[in-house]
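Starting from the two chains in their separate frames, assemble the complex, guided by the hints.
Those protein sequences? They're chains A and B, same order as listed. Heads up: the first sequence at position 172 corresponds to 172 in my numbering, and the numbers run straight through without jumps. Heads up: the second sequence at position 317 corresponds to 317 in my numbering, and the numbers run straight through without jumps.
There may be inaccurate statements among the hints.
Label-pair distances were calculated between CB atoms; the ranges are [said to hold, decoys possible]:
no., chain 1, residue 1, chain 2, residue 2, range
1, B, Ser3, A, Asn81, 54 to 64 Å
2, A, Glu184, B, Tyr390, 27 to 37 Å
3, B, Glu310, A, Pro45, 30 to 40 Å
4, B, Arg18, A, Gly47, 38 to 48 Å
5, A, Arg214, B, Gly15, 42 to 52 Å
6, B, Leu7, A, Gly133, 24 to 34 Å
7, B, Thr309, A, Tyr17, 16 to 26 Å
Restricting the straight-line Cα-Cα distance to at most 20 Å, the calculated cross-link-like pairs of lysine to any residue (SDA-like) are [claimed, not checked]:
no., chain 1, residue 1, chain 2, residue 2
8, B, Lys397, A, Gln63
9, B, Lys324, A, Asp85
10, B, Lys50, B, Lys397
If you are wondering where the hints come from, they were derived from the structure by calculation, not from laboratory data. Idealized CB from N, CA, C, for every residue including glycine.
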Amino acid sequence: MPEPTALIRIERLCKQYETAAGPFPVLKEINLTVQTGEFAAVMGPSGSGKSTFMNIVGCLDRQTSGDYWLDGEDVRGLDVNQRADLRKRVIGFVFQGFNLLPRMNLTDNVALPLVYAGVPRHERERRAAEVLGRVGLGAYLKSHSNTISGGQQQRVAIARALVNQPRLILADEPTGNLDSRTSEEIMALFRELNGGGITILLVTHEPDIAAHARRLVRFLDGRIVHDGPVTHQEPP
Amino acid sequence: MISGAMLAEAWRAMGANRMRTALTMLGMVIGVAAVVLMMAIGQGAQDDVKASIATMGSNLFIVLSGSTTSGGVRMGGGAAPTLTVADGEAIAELPGITAVAPQHMGTAQLVYGPNNWSTTVFGTTPNYVDLRSWPLASGAPFTDSDVRSATRVALIGQTIVDNLFDSDNPVGKTIRIKQNPFVVVGVLASKGQSLDGRDQDDVVLVPWTTAQRKLFGTPFPGAVRSLMVQAASTEMMPKLQDSMTELLRQRHHLRPDADLDFSVRNLTAVASSMAETTRVMSLLLGAIASVSLLVGGIGIMNIMLVSVTERTREIGIRIAIGAKPREIRQQFLLEAIIMSCAGCLIGVLVGVGCAMLTHAMSQASVVITGSSIVLAFVVAAVVGIFFGFYPANKAAKMEPISALHYE
Numbered sequence: 001m002p003e004p005t006a007l008i009r010i011e012r013l014c015k016q017y018e019t020a021a022g023p024f025p026v027l028k029e030i031n032l033t034v035q036t037g038e039f040a041a042v043m044g045p046s047g048s049g050k051s052t053f054m055n056i057v058g059c060l061d062r063q064t065s066g067d068y069w070l071d072g073e074d075v076r077g078l079d080v081n082q083r084a085d086l087r088k089r090v091i092g093f094v095f096q097g098f099n100l101l102p103r104m105n106l107t108d109n110v111a112l113p114l115v116y117a118g119v120p121r122h123e124r125e126r127r128a129a130e131v132l133g134r135v136g137l138g139a140y141l142k143s144h145s146n147t148i149s150g151g152q153q154q155r156v157a158i159a160r161a162l163v164n165q166p167r168l169i170l171a172d173e174p175t176g177n178l179d180s181r182t183s184e185e186i187m188a189l190f191r192e193l194n195g196g197g198i199t200i201l202l203v204t205h206e207p208d209i210a211a212h213a214r215r216l217v218r219f220l221d222g223r224i225v226h227d228g229p230v231t232h233q234e235p236p
Numbered sequence: 001m002i003s004g005a006m007l008a009e010a011w012r013a014m015g016a017n018r019m020r021t022a023l024t025m026l027g028m029v030i031g032v033a034a035v036v037l038m039m040a041i042g043q044g045a046q047d048d049v050k051a052s053i054a055t056m057g058s059n060l061f062i063v064l065s066g067s068t069t070s071g072g073v074r075m076g077g078g079a080a081p082t083l084t085v086a087d088g089e090a091i092a093e094l095p096g097i098t099a100v101a102p103q104h105m106g107t108a109q110l111v112y113g114p115n116n117w118s119t120t121v122f123g124t125t126p127n128y129v130d131l132r133s134w135p136l137a138s139g140a141p142f143t144d145s146d147v148r149s150a151t152r153v154a155l156i157g158q159t160i161v162d163n164l165f166d167s168d169n170p171v172g173k174t175i176r177i178k179q180n181p182f183v184v185v186g187v188l189a190s191k192g193q194s195l196d197g198r199d200q201d202d203v204v205l206v207p208w209t210t211a212q213r214k215l216f217g218t219p220f221p222g223a224v225r226s227l228m229v230q231a232a233s234t235e236m237m238p239k240l241q242d243s244m245t246e247l248l249r250q251r252h253h254l255r256p257d258a259d260l261d262f263s264v265r266n267l268t269a270v271a272s273s274m275a276e277t278t279r280v281m282s283l284l285l286g287a288i289a290s291v292s293l294l295v296g297g298i299g300i301m302n303i304m305l306v307s308v309t310e311r312t313r314e315i316g317i318r319i320a321i322g323a324k325p326r327e328i329r330q331q332f333l334l335e336a337i338i339m340s341c342a343g344c345l346i347g348v349l350v351g352v353g354c355a356m357l358t359h360a361m362s363q364a365s366v367v368i369t370g371s372s373i374v375l376a377f378v379v380a381a382v383v384g385i386f387f388g389f390y391p392a393n394k395a396a397k398m399e400p401i402s403a404l405h406y407e
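Chain B on its own, in the form it takes in the complex (with noise of 0.2 Å):
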């Protein structure tokens, strides 16, 4: 049979009813835009998680030293003076370990010109900036020779910039941090918020001898409260985990029932479970449209059914005439193809809209991905030949005579 004619007929049947044509392929695209919605909505609340996480920097652990007891008073995690930056470099000679950076902070009043604005200050190696995946927006990072020298010199975010400089450029101008003048040698390209909503732009980094010897002081030279660390994989992290927890314990001449007084964090954990979350939920809004997908398939079937029962006596003409059962299956099967190709590309129209209409009242993200309309299309097609298939297959094998002779 030619195909021409073929579409001729399809076409000729579909508008014979169109107020039933329309209500089915209303079901496909219902459940078409259901799909395209679920999905662009599930996969903009991944990307901005997976956003918020890779501003953090990739496989890192923190450690901490432990807390101390002064006068009666816990002081909290991170100030007994257990940490040292040589821990730091032992650290960094385990197999697997990438890069480690020691962190000594501080809060610090900042001062350039008429302007003042008080911030959080780290002291820290230049690799800190690799470390958190960190690009300069201008300048460059300072040096492991400003980190012997104790130079001050001074990488700030941008937060600092727009409070501080009005419309000059910030590099190599002088700034006071606690009266002390630091040349700018760099600005933080902006990482917005973190993953707990802090300002990450709101930072200034300086060599941690610097912060050691001339902005905060300290009784123990050397010893930092923090260390990060980044793990060279994912898969490594809780191995790695153990073998620095065995160095410091080992460099620390902690007895084996002593309690740490240290300890190792994997940020990694929260942010992957997070990742996880919204994987399992964007998964969960996709299965609750395929649901209606399915749904808008069987309204398919059922009236492609009822459309075979009251054309039966036109089947008896057709084979009389010579046609055959495949020819059959095949214009049934055409018109069931048809309708939900035609409701999924309805459909897709739809529920791009839907997505751009909700990103416009709600400003939640959304992403149509390509592969979610090929996705639906796929589906569509599936959909259509499974479901018409039943209905064109029982038309091909109805006894000539009998369907001649329906009334």
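One chain only, chain A, in its complex shape (with noise of 0.2 Å):
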């Protein structure tokens, strides 16, 4: 039975694809727990099986076999609707390529988890506001999404995602096509929130931007090779 405290719990959990030369495994035997206030790395090399594992940790794939939690719920007994709420209340999602939506201003961008959460207008523009201040975008709020810099596109994915209160980020190569200052600044972002409670799933090449978090999970050919604290003299 789960631990109360473990936000994420993950007991042998499998993942296979059926392809034309048969089922062909990605995740093998998956054990993990994140507990809630955590700031975990995930890396890996191409093909190590470490998105499919953060699509299924986010809710949008489904495991072949094994056990999922997520804040106490059995996700493998959720139907899509259910996993759509799930998602909506646990989970906010900040993407590589941000993914915001054209002809759309900052705001309603921002506003948008929250009209699928029911949510009336006003209160959602008032939310909206709060958390871009929050990403340090307070002035820009009826600006459209093509006008602003990479970076500032990435604070209003963080925004996004921050803006039904979730317990968990997840976050897929958020720095992936930034430069380096700018990086730096979304990653000083990432801690701040850290900081703030909300716990932190960020997959990413960069060991730079590996050695912001605490901990540091690395896959290998479907399976997990290395659990364990951030050292940021060594080389990880």
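Here you go:
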């Protein structure tokens, strides 16, 4: 049984894709527990299964076998609508490509999750303005996403992830399209959010970025080969 | 999902590609306009025919007396003195017959003051006006006692009034018909043209006895050229035709193998076949117009499919931030319905405009009925839902991961 404090608890989780050449295993017997308030970086080469793992954690994909509890709920037993509700309540996503909607101003972009949560309009706008202020974009409420810089777009995406007051942020290569100075700023923002009690799971290729986290999980060939605290001196 | 926000989303999505949205709607506009216009023209034609039929009177037979030969010259139908007013009275006894009126007609010159006019004079009974459903504009019909005593009284049609009376009220005035003074007791309401184009108002009605004894004379008193017979309902008419024929055959003492010396004609048959023709024509027009509505609907489906593919990534984002498949489907369906209903609204306006233009340019009757507009709206909404459903469902069933990674 999962401990009440574990935000993520994964046991013997397997995922395989059906290919023409037969079943192809991507994740093999993954075990992982993440407590509330952790800041973990997930690393690994391409094809190591880390993206598939993140999709399953984000309830966007389903495991082939094994157990996954998110915030105490057994995700395996949930249908597509219940998973949507769980996502809405617990998780905020930040993508590599920012994925803002064009033709919408920043406030509307940030408020979009609240639309699906059934929050009334004035309340949506109030909360969107609040989180935009929190990521340092309080002056750009009515700007459009194509008129601001990449770093600013990623801040908007983070604001959108925050607007539902999630307990967990899943960031998939959030600095992949940004220069190193902007990346540092974004990571500083993540650290600040983590300091405020939000659990963060971050996928990255870059050791510099992973060094901002407090825990490092390394994937290789569908297995976790390393799981421990980040040590700043030795190269990870 | 809040509907206001959903409407705003749909508005934004349609506004993003204005030209495409407008062209998609154009298909719907043309389809609906075509349906409204064609139904208006069809209804107009049907109403015209109905009005013409109504002026003739409903469920009518005409019984004609047979022909005769005089010195080798055959005189044509109605010339033989075989059909009598007594025959008419016997026919009136048949169950299902509501009225019988004899017709004894001739041409006569009318004079009133300085004016004169030649017209057809019908000798008949008072119920003739009921039978032809022909109301009086003023005055009263002559009576059965006028028929018994062959009084010189006349009912005149509107054309007679126009040609003889300048501005006087004709009722109570005395006109001369073939030099005989007749008192005008009433004026018939105008009926206009008959189906074959005759002026139905160019007529004078007098008691048949007066026509026979005082106007035209006849060697066979009581014999008439034709009888007009009205049945209680259209359905009974074929059977009544047979029983009338049988009755007259007995009354005229005809041997079973002898030719009939009279003929019975069903006037409704012609009218109903004309009505049927126009009905089929307007149905055909509607059917052709519906095809363009269908094409408009397929246009919407086409564009919605393109739109769903273009917005694959957007759909992925929406699912990731908590949209349910149902909400994605509703959003795309709403877009399709808005496009088809907006197109329909414009189409109704265009259709009504075209109908008015058609009327102004060709004088053809067009009748825009509320039901055709309601029908167009219902069809447009159904088309929007039907053709919007497949693309919307495709969007809703998208896998979030592949949608997010779609380039």
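Which hints, by number, does the structure contradict? Of the numbered hints given earlier, those the structure breaks are 1, 2, 10, listed in rising order.
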